[in-house]
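Enquirer: Put together the whole structure using the sequences plus the hints.
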Amino acid sequence: PGTRAASVEALDDLGRPDAYSAEGFRRLRRLGTELATLRGRLGESLPDLVDEVVRTLGLETELASHPEATPGRARTHLDALHEVAAQFTELAELPSLPAFLGYLADAEVRERGLEPGEVAVNPEAVQLLTGHSAKGLEWDVVAVPGMTVGQFPAKGDASDSWIRDPGAVPVDLRVTDRAELPRLHLPVPGSGDQAAVRDALADYVAEWKDFGLAEEIRLGYVAVTRAKHLLLCSGSWWRDGKTVCGPSSLLLAVKDAVEGGAVEGGA
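For the sequence shown, this note's numbering gives the first residue as 432, with consecutive numbering after it.
I should point out that these hints are in silico values taken from the structure, not numbers from a laboratory.
A quick note: this is a predicted structure, and the numbers were derived from the prediction, not measured.
Check the hints yourself; a few may be wrong.
Said to hold, decoys possible - Estimated spans, in silico, between C-beta atoms of each pair: (1) Ala495 - Leu683: 37 to 47 Å; (2) Val689 - Pro618: 48 to 58 Å; (3) Pro601 - Glu521: 14 to 24 Å; (4) Asp588 - Glu491: 29 to 39 Å; (5) Gly489 - Glu514: 14 to 24 Å; (6) Val689 - Glu521: 39 to 49 Å; (7) Thr561 - Asp443: 12 to 22 Å; (8) Ile648 - Pro601: 24 to 34 Å.
Said to hold, decoys possible - Derived EDC-like pairs (lysine to aspartate or glutamate); straight-line CA-CA distance at most 20 Å: (9) Lys566 - Asp510; (10) Lys586 - Glu539; (11) Lys640 - Asp603; (12) Lys640 - Asp588; (13) Lys586 - Asp641.
In this text, a Cβ means the ideal position worked out from N, Cα and C, and glycines have one as well.
Expert: Right, dumping it as structure tokens:
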């Protein structure tokens with residue numbers, strides 16, 4: 432945060448123009464003006480501020496220009512962000528901008544913290560989507576790659592839990608999903624039982640890993656049930672390193688379903 436703040440302040444005093452290319456100086460001045468404008472709107476409600484950021488920075492145009500995006504899809508996700516801001520404003524005890532940014536950062540780390548905007552099926556195109564984006568939709572043909580050990584499902588990891596990540600929001604302070612998350616049960620404060628504290632922390636880490644793995648498996652179920660007629664699943668024995676990986680539990684489950692006759696025409 433300190434580095435980002437210093438970077439913003441540096442835009443207020445760029446120094447001599449000849450220290451930059453003409454185009455570079457023009458762009459930096461423009462960005463500084465845009466950020467100054469947004470700082471002047473910090474008193475607005477979070478949904479209005481989100482809309483102002485989108486307009487000022489031209490995010491809709493930027494997203495729509497991505498080679499894998501369409502204008503409609505870009506607008507869908509920006510509308511979803513607006514709805515998240517509105518929901519946070521309604522539910523949070525203190526709906527401040529820092530609190531909202533912390534919530535978004537935590538959701539980004541966990542990925543499954545926020546639902547993306549709903550994407551429409553386009554039968555005339557090949558669509559690249561995450562499993563989250565595909566919820567509730569179906570295609571004639573679906574390919575699910577990366578079903579390799581440690582990749583999909585990913586290994587259970589507690590590095591994004593609030594007891595490991597200083598930037599994560601504690602479960603009791605989360606707004607939308609705290610009822611679903613593992614809870615830390617510490618001994619009575621002041622008891623001095625350090626062994627009990629260590630055991631409680633170890634149990635919590637194990638529960639968090641199990642929760643993450645269960646979420647990955649649920650996402651895998653979503654992915655493999657999106658096909659109307661043909662499902663293609665693949666994995667690999669090797670990834671980037673020298674260690675042999677092999678098929679993940681999800682790919683083996685698909686294989687067992689095919690061999691057991693649960694899937695018609697499987698191979």
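Enquirer: For every hint, state whether the structure bears it out.
Expert: Right, here's what the structure says about each hint:
A hinted range of 37 to 47 Å holds for the C-beta pair Ala495 and Leu683, which are about 40 Å apart. Restraint check, Val689 to Pro618: a C-beta distance of roughly 49 Å satisfies the suggested window 48 to 58 Å. A hinted range of 14 to 24 Å holds for the C-beta pair Pro601 and Glu521, which are about 21 Å apart. Between Asp588 and Glu491 the CB atoms are about 34 Å apart, so this pair conforms to the stated range of 29 to 39 Å.
Look at Gly489 against Glu514: about 21 Å separates their beta carbons, and that is inside 14 to 24 Å. About 46 Å separates the C-beta atoms of Val689 and Glu521, a value consistent with the hinted range of 39 to 49 Å. The given range of 12 to 22 Å is broken by Thr561 and Asp443, whose C-beta atoms sit roughly 38 Å from each other. A beta carbon spacing of about 26 Å between Ile648 and Pro601 agrees with the range 24 to 34 Å that was offered as a hint.
Between Lys566 and Asp510 the CA atoms are separated by roughly 17 Å; this keeps the pair inside 20 Å, and the hint holds. The hinted pair formed by Lys586 and Glu539 meets the criterion: a straight-line CA distance of about 17 Å does not exceed 20 Å. Between Lys640 and Asp603, the direct Cα distance comes to roughly 18 Å. Compliance with the 20 Å bound is thereby established for this hinted pair. Annotation: proposed proximity of Lys640 to Asp588 holds, straight-line Cα distance about 5 Å (limit 20 Å).
With a C-alpha separation of about 9 Å, the suggested pair Lys586 and Asp641 falls inside the 20 Å cut-off, and the hint holds.
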